[in-house]
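Sequences listed follow chains A and B, in order.
In terms of the numbering used here, the first sequence opens at residue 1 and continues consecutively.
In terms of the numbering used here, the second sequence opens at residue 1 and continues consecutively.
FYI, nobody ran anything at the bench for these hints, they're computed from the structure.
Note that the structure is predicted; figures quoted are calculated from it, not measured.
Hints may be right or wrong, so weigh each one.
[As the list claims (entries may be wrong)] Not the full set, but computed from the structure, chain B residues with beta-carbon under 10 Å of chain A:
1. LEU13
2. ASN14
3. LEU20
4. ALA23
5. ALA24
6. PRO33
7. ARG68
[Unchecked claim] Just some of the chain A residues that point at chain B, by a computed CB distance under 8 Å:
8. ARG121
9. GLN192
10. THR193
11. SER196
12. ARG199
13. GLU244
[Unchecked claim] Distance windows between CB atoms, simulated:
14. A/LYS176 <-> B/PRO36: 29 to 35 Å
15. B/LEU56 <-> A/PRO93: 40 to 46 Å
16. B/GLU44 <-> A/ASP153: 44 to 50 Å
17. A/ASP39 <-> B/ASN3: 27 to 33 Å
18. B/ARG28 <-> A/ASP153: 28 to 34 Å
19. B/LEU56 <-> A/ASP39: 35 to 41 Å
Where is the CB? At the ideal position from N, CA and C, for every residue including glycine.
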Amino acid sequence: MYYIQPHYHGISRTTDDYERMAQAGVVAVGEPSFWAGFDRHYPQTFLDYFRQISEFEPTRAAQYGIRHYCWIAVNPKESENLSISREVMAAMPDFLDKPTVLGIGEIGLNKNTRNELTIFREQMEMAIRRHELVLIHTPHLRDKLKGTMLTLDLLRELRADPARVWIDHVEEHTIKAVLDGGYWAGMTLYPQTKMSPRRAADMLEVYGVSRLLVNSSADWGPSSPFTLQECAMEYRRRGHTEQELIEIFHNNPARFLGQNPKFDICPIRIGYEAIAAS
Amino acid sequence: MINRNAVLEMEYLNCRCMLLELAAALDRYDRAPCSPGKETPADERLMLLRQVIRILAEPSDQPDRAKRMLQLMSDPVD
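Construct the complete structure from the given sequences, taking the supplied hints into account.
Right, here's the structure in full:
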């Protein structure tokens, strides 16, 4: 079984993760830019962070045969600071041109504030202008429903191409609106407090596997990259085939991310061909 | 002993998560087809879960919900 882990914050993890992910069948990871647990005070700190995830992390992952890609953005939480956000955004094009950078993300909303919406809009405009893939974070907990609706309103207003937009952290009350809009929907699995592997398996059964991405985030908080494998096991346990699993955990990320030619891992089909025993 | 606000601080997200898991499991049950050749079952386990959920939901003077739930889910004692 091969996996592509589309949302993974390697910068917060030890190298053991890469070794164990490789042992568990992960062939590639995507690392979005995110809030690293505290608000940065200097735009330059963001730029070093972008260097780390676009230059250093690929070498760390490569030691275990894992391809590492990343996304560049001012994350929703820190976009509250307009002046730092705009200084960072001015430097983003240089990073977006790097060979492992797939697009702009995670952008979007955290607390649905006016400043967050302003920077979200400006980064979306940059993405549309540059024809970049987009990864959008939606708020957790009570802000999620409103934040998702505000996100969909903005995308419609800007006439973003839904096929190139991945809206992440959907749950039961937001997934339908995202899929109905033609966007890709991501389910982020956590070992506790948020989306579980079993609920993700439910949504795959209810909504079908098309345009759905399953990821495990794995950041500095309580999290695990192996919730992906837990979800695969749950889905298999419900009687789904290995090819269906491949469609969800390998081929869907390959299809979405592969819209950027830098991502050259193609969808695969499992062949069961009997071979001689000796 | 920690105060009530601290309990909520520590437990709110876990409780939220556990309730969502419970709701999702019941939704899963409702979506699932009946077992072949069987009528829609009035499964005792499901009825028991619904009784237990009522205990969970109702106000209580005594902090004994866990005990009452386990008693409800226990074999009768002579």
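May I ask which of the numbered hints given earlier this structure violates, with the numbers listed in increasing order?
6, 7, 8, 13, 15
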